[in-house]
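Chemist: Each chain, letter by letter, is given below.
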Amino acid sequence: MKYESPGRPGSPVDVAPRYENFIGGKWQAPTTDQYAVNLCPATAKPICEIPRSGAADIELALDAAHAAKDKWGEASTAERAAVLNKVADAIDAHREELAVAESWDNGKPVRETLAADIPLAADHFRYFAAAIRAEESEITEIDKNLIAYHFHEPLGVVGQIIPFNFPLLMAAWKLAPALAAGNASVIKPASPTPWSILKLMEVVGDLLPAGVLNVVNGPGAEIGKALATSRRIAKVAFTGETVTGRLIMQYAAENIIPVTLELGGKSPNIFFADVAAHDDDFLDKAVEGLVLYAFNKGEVCTCPSRALVQEDIYEEFMGRCLERIRAIKQGDPLDTDTMMGPQVSRQQIDKIASYVEIGLKEGAELLVGGHRPGIGGEFADGYFFEPTVLKGHNRMRVFQEEIFGPVLAVTTFKDEAEALEIANDTLYGLGAGVWSRDTSRTYRMGRAIKAGRVWTNCYHQYPAGAAFGGYKISGIGRETHKMMLEHYSQTKNLLVSYSDKPLGLF
Amino acid sequence: MSEKAERGTPGRVTATRAARRAIAALCAAHGGPVMFVQSGGCCDGSDPMCFEGGEFALGGGDLLVGVVDGCTFHMDADQYQALGRPFLVLDVEEGTPGGFSLAAGDGLHFVTRVEAPGNRTSRGADR
Numbered sequence: 001m002k003y004e005s006p007g008r009p010g011s012p013v014d015v016a017p018r019y020e021n022f023i024g025g026k027w028q029a030p031t032t033d034q035y036a037v038n039l040c041p042a043t044a045k046p047i048c049e050i051p052r053s054g055a056a057d058i059e060l061a062l063d064a065a066h067a068a069k070d071k072w073g074e075a076s077t078a079e080r081a082a083v084l085n086k087v088a089d090a091i092d093a094h095r096e097e098l099a100v101a102e103s104w105d106n107g108k109p110v111r112e113t114l115a116a117d118i119p120l121a122a123d124h125f126r127y128f129a130a131a132i133r134a135e136e137s138e139i140t141e142i143d144k145n146l147i148a149y150h151f152h153e154p155l156g157v158v159g160q161i162i163p164f165n166f167p168l169l170m171a172a173w174k175l176a177p178a179l180a181a182g183n184a185s186v187i188k189p190a191s192p193t194p195w196s197i198l199k200l201m202e203v204v205g206d207l208l209p210a211g212v213l214n215v216v217n218g219p220g221a222e223i224g225k226a227l228a229t230s231r232r233i234a235k236v237a238f239t240g241e242t243v244t245g246r247l248i249m250q251y252a253a254e255n256i257i258p259v260t261l262e263l264g265g266k267s268p269n270i271f272f273a274d275v276a277a278h279d280d281d282f283l284d285k286a287v288e289g290l291v292l293y294a295f296n297k298g299e300v301c302t303c304p305s306r307a308l309v310q311e312d313i314y315e316e317f318m319g320r321c322l323e324r325i326r327a328i329k330q331g332d333p334l335d336t337d338t339m340m341g342p343q344v345s346r347q348q349i350d351k352i353a354s355y356v357e358i359g360l361k362e363g364a365e366l367l368v369g370g371h372r373p374g375i376g377g378e379f380a381d382g383y384f385f386e387p388t389v390l391k392g393h394n395r396m397r398v399f400q401e402e403i404f405g406p407v408l409a410v411t412t413f414k415d416e417a418e419a420l421e422i423a424n425d426t427l428y429g430l431g432a433g434v435w436s437r438d439t440s441r442t443y444r445m446g447r448a449i450k451a452g453r454v455w456t457n458c459y460h461q462y463p464a465g466a467a468f469g470g471y472k473i474s475g476i477g478r479e480t481h482k483m484m485l486e487h488y489s490q491t492k493n494l495l496v497s498y499s500d501k502p503l504g505l506f
Numbered sequence: 001m002s003e004k005a006e007r008g009t010p011g012r013v014t015a016t017r018a019a020r021r022a023i024a025a026l027c028a029a030h031g032g033p034v035m036f037v038q039s040g041g042c043c044d045g046s047d048p049m050c051f052e053g054g055e056f057a058l059g060g061g062d063l064l065v066g067v068v069d070g071c072t073f074h075m076d077a078d079q080y081q082a083l084g085r086p087f088l089v090l091d092v093e094e095g096t097p098g099g100f101s102l103a104a105g106d107g108l109h110f111v112t113r114v115e116a117p118g119n120r121t122s123r124g125a126d127r
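Residue numbers (the working numbering), protein chains in the order written: chain A, 1 to 506; chain B, 1 to 127.
The shape of chain B in the complex, shown without the other chains (with noise of 0.2 Å):
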C-alpha cells in the first residue's frame, strides 16, 4: 500500500448493518479482510468493487477513505475531489456486482450511497 494511500482521509465511510453482515461472510470466506474500491464511470461504475484483500493494487493517487470492520475501502483522490469529497454509506442491494467484484451474497451486489449534501457532503460546506 502506498504512503498516501496509508495516509488517506479515513471515516468517511460507514456501513449498513446489512452490509456488515455480508463482509463478515466475505471475510470468513476468504480467510481475512476484503477491500473496497470505488468505481466510476460506465456501466457499472459507481459502484463499490470489493476484491480479496490485496487483490488491487493501489497507487500513490489513491486515498483510503474509510475501514469497515477492518477492510479498506479506497477511492481515487481525484475522483474523490470531484464528487466534493463524499461521506459514504456502504450497503448491499439486490442485483449482480460489477466488472471482477466479489458478491455481497447469492444475488446481492454492494453499493455506496452519499450520505446528504444538507448534513455534510457538499463541495460548499466542505470549503
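Just chain A, with the same shape it has in the complex (with noise of 0.2 Å):
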C-alpha cells in the first residue's frame, strides 16, 4: 500500500502553509517574525514553514509552563496519569496520520512508523501513567518517635530537547515521565525535523492543560541555547552529540540544576560461530540482527554499526547477510513496501559519502553498497544512500566514529576474549548486540560489555519498561523505566519528631 503525500487529496495528513509555536495552549506566531522553510527529505522540496524563533520565544513559553506548572504539580496522580492515558489514546486514534507526517518529514519509511515509532510513542505514555499511579512515597522509622516521611515533588518546568532521528518517539520518551511526574515542558525540536510534532500538537494539544506542554522551533545557536541557560529551567534533557551534550552540563552546573543526556553510540554486534550451527529460523533472525543496522537509515544512536563476526563463520554467514541487505527496498517512505527512506538531510548524506571515502582511503574493502543510489521520479533529489558494508578492522576510523547513517563496519574476531576487546575499544557504550545459541557465553558477553543496554539475540527493541541509557560517555540517565521519574522528581524529605521531650543540649 502506498500513502498519498501529506497535503495531496487522499492523503491522511493535511499541510498549512505555516505553522507557528505552540505556546500555553494556543498557536503563537514567532516574536521573531520569521520563518524556515522545512523541507522534505524524500523530494528535496518545501513542506511548510516552520517559526524561526529568537530567545524571546523561550521566555513567552518558560511563562505558559510556569502559569501552568503549580495545578499541574499538584493534580492527583489519577488525574495525571488520565490526561496521559488520553494522550495515548488520540495517539493510537491518529496512527496513520502521525504515522505519516513522521515519515514524511524525517525521511524513515512509514512501515517502521506504523510499526513502531507511533505505537511506541503511545504506549510510552500508558507505561508512566501506569508508573505515576503505582508510585509510592516512603517513610522510614528513623526510631520510635522520629519519623522520616520521602515524598515525590515535581521540579517545576523542564528543557527538553529532542534530536531529528525519531522526533515523536522521543518526545514522547521525554515527556512522558516529565508529565506523570508533575513537571510542565518547554520542548525545543530538532532543526531539520520540526513539523511532525507540531501535527501531534494538533491532536494532544487540547488534551494537555494549557502551559503543560511548550513546543518552540528555531536555530539550536539562539533558542536552544536559551533554554538550556535558563535561569527558569530545573532541568535540561537532551539527546545529541558529545559536545552540546557538555555545554548543557557546562550550562546546568551554572544554574547547578540537574541534567540527563543521551550522547550516540559505536555499537558492537557479535555474532558467535554457534548461530550458523543450524539452518533454522534463530540464524534467520540474526542474519536480520546484522541488517538491522540498516533500520532507520543507521539514523539511530543504537546503529549496530559495527558487526563482529567469528571468523569460522565469516563467509557463510556474511554471504547470507549481504544477500539480505542487496534485497532491501529504498524509495518512497511512504511505500508501505519500501525498507529505508532517505536520510534526513543532504548534510547526512554528504558526510555519509565522506566517510566510506574515508574508510576507502583507510583501506577498508567495500563490500556492498557505497553510493547514492538513482531512484528517479519524484523522488530523484531526496537524500537517499544505499546501505553499505565496509570490511575492515577496529582501527579504523569508521569503526571509531559514529556515522550516523547506513553504514556497517564489519570484521572478524577468533575467540570471545578478542570479541569483548574489540566490542569496548570505543568510546561509548549505549547499545550493544550478542548473538549464540549458548546462553552462558551471552550472560558473560553481555555482563562484560561496557555499554547501558546489550540485546541479546535480538536488537533494537525498545520497549517501556526495558531501562535506556548510555555508559562512557554514551550519556547520564536511564530513559523508557520508571526510574526516570527519580529525574523528573525532587524527593522532599519531612522529619518528623513525635517525642515531647527537649534534646537537653540548651
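Read the hints as simulated data drawn from the structure, not as lab findings. Among the hints, erroneous ones may be present.
What the hints assert, rightly or not - A few chain B residues facing chain A, derived, Cβ under 7 Å:
1) VAL37
2) CYS42
3) SER46
4) ALA57
5) LEU58
6) GLY61
7) ASP78
8) VAL89
9) GLY99
Think of the CB as a built atom: it goes at the ideal place given N, C-alpha and C, for glycine as much as any other residue.
With the hints as a guide, dock the two chains, each given alone in a separate frame, to form the complex.
Modeler: And the structure:
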C-alpha cells in the first residue's frame, strides 16, 4: 500500500502553508516574525514554513509553563495519569496520520512509523501513566518517635531538546515521565524535523492543560541555548552529540540544575559461530539482526554499526547477510513495501559519502553499497544513500566514529576474549548486541560489555519498561523505565518528631 | 584554558577559503575570535561546533589541535586518539548547524574533512 503525500487529496495528513509555535495551549507566531522552509528529505521540496524563533519566544513558553506548573504538579496522580492515557488514545486513534507525517518529515519508511514509532510513543505515555499511579512515597522509622517521610515532588518547569532521528518517539520518551511526575515542559525540536511534533500538538494539544507542554522551533544557537541557559528551568534533558551534551552540562552547572543526556554510540553487534550451527529460524533471526544496522537508515544512536563476526563462519554468514542487504528496497517512504527511506538532510548524505571515502582510503573493503542510488521521478532529488558495508579493522576511523547513516563496519574475531576486547574498544557505551545459542556465553558477554543496553539474541527493540541509557561518554540517566521518574522529581523529606521531650542541649 | 589544552598539538587544522571567509565574518560580528570544538556521536556528531570565544569550557582532557586565523580548534584527547590523530580541513557546506553551533553564514554550517590517510592521517603511519 502507498500513502498519498501530505497535503495532496487522499492523504491522511493536511499541511498548512505555515505553522506557529505551540505556547500556552495556543498557536503563537514567533516574536521574530521569521520563518524557515522545512524540506521533505524524500523529495528535497518544501513541506511548510516553520517559525525561526528567538530567545524571546523561549521566554514566552517559559511564562506559560510557569503559569501552568503549580496546578498540574498538584493534580492527583490519577488525574495526571488519566490525561496521559487520553494522549496515548489520541495517538493511537491518529496512528496513520502521525505515521505518515513522521515519515514525510524525517524520511523514515512508513512501515517503521506505523509499526514502531507511533504505537511505541502511545505506549510510553501509558507506561508512565501506570508507573506514576503505582509510585509510593517512603517512610523510614528512624526511631520510635522520629519518622522520615519521603515525598516525590515535581521539579517544576523542564527544558527538553529532541533529536531528529525519532522526532515523535524521542519526544514521548522525554515528555511522558516529565508530565507524569507533574512537571511542565518547554520542548525544542531538532531543526531538520520541526513539523511532525506540531502535527502531534494538533492531535493532543487540547488534552493537556494550557502551558503544560510548549513547543518552540528555531535555531539551536539561539533558542536551544536560551532554553538550556535559562535560570527558569529546573532540569534539562538532551539527546544529541557530545559537544552540545557537554555544553548543556556546563550551562546546568552555572544554574546548579540536573541534566539527563543521551549522546550517541558505536554499538558492536557480535555473532558467535554457533548462530550458524543449524539452518533454522534462529540463524535467519541473526542474519536480520546484522541487517538491522539499516533500520531508520542508520540514524539511530544505538545503530549496530560495528558487526563482529567469528571468523569460522564469516564467509557463509556474511554471504547470507549481504544477500539480505542487497534485497533492501529503497524509495518512497510512504510506500509500505519500502524498507529504507532517505537520510534526513543533504548534509547527512554528504557526511556519509565522506565517511565511505575515508574508509576506503584507510584500506577498508567495500562489500556492498557505497553510493547514492538512482531513484527517479518524484524522489530523484531525495537524500538517499545505499545500505553499505565496509570490511576492515577496529582501529579504522569508520569503526570508531558514529556515522549516523546506513554504513556497517564489519570485522572478524577469533574467540570470546577478542570479541570482548574489540567490543569495548570504543569511546561510547550505549548499546550492544550478542548473538549465540550458548546462553552462558551471552550472559558473560552481556555483563562484560561496557554499554547500558546489551540486546541478547535480539536488537533494536525499545519497549517501555526496559531501561535505556549510556555508559562512558554515551550519556547520563536511564529513559523508558520508571526510574526516569526520579530524574524528573525532587525528594521532599519531612523529618517529624513525635516526642515531647527536648534534646537537652540548651 | 587548561594547561593541557594550551600545549596541545596545534597545526593539525587548515581551512578552505570559504571557511576563512565565514570565520572572518563571524569574528567581525562577534567582536572577537570564535572557537571550534570537534563533536562526535549521534545526529550532528563529527561536525565541528563553532562558538563565541570562551563559550565552551575546556577541560584537561581537551587538546588544542589547531588555530585558524586566530580562532582555536579543540578536540577531546581520547577522541583524537581514537580517530587516528587526524589532520583536519575546516570547510563550509549548505545546511543547518548542529547543536548550539553558530552558522557559517546564512544556510551554511562548518564541516571538517580529513586529509587523505594515504598522505599522513592513518594511525599506522603515525606509529
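Chemist: Which hints from the list above does the structure break, by number from lowest to highest?
Modeler: 5, 6 and 8
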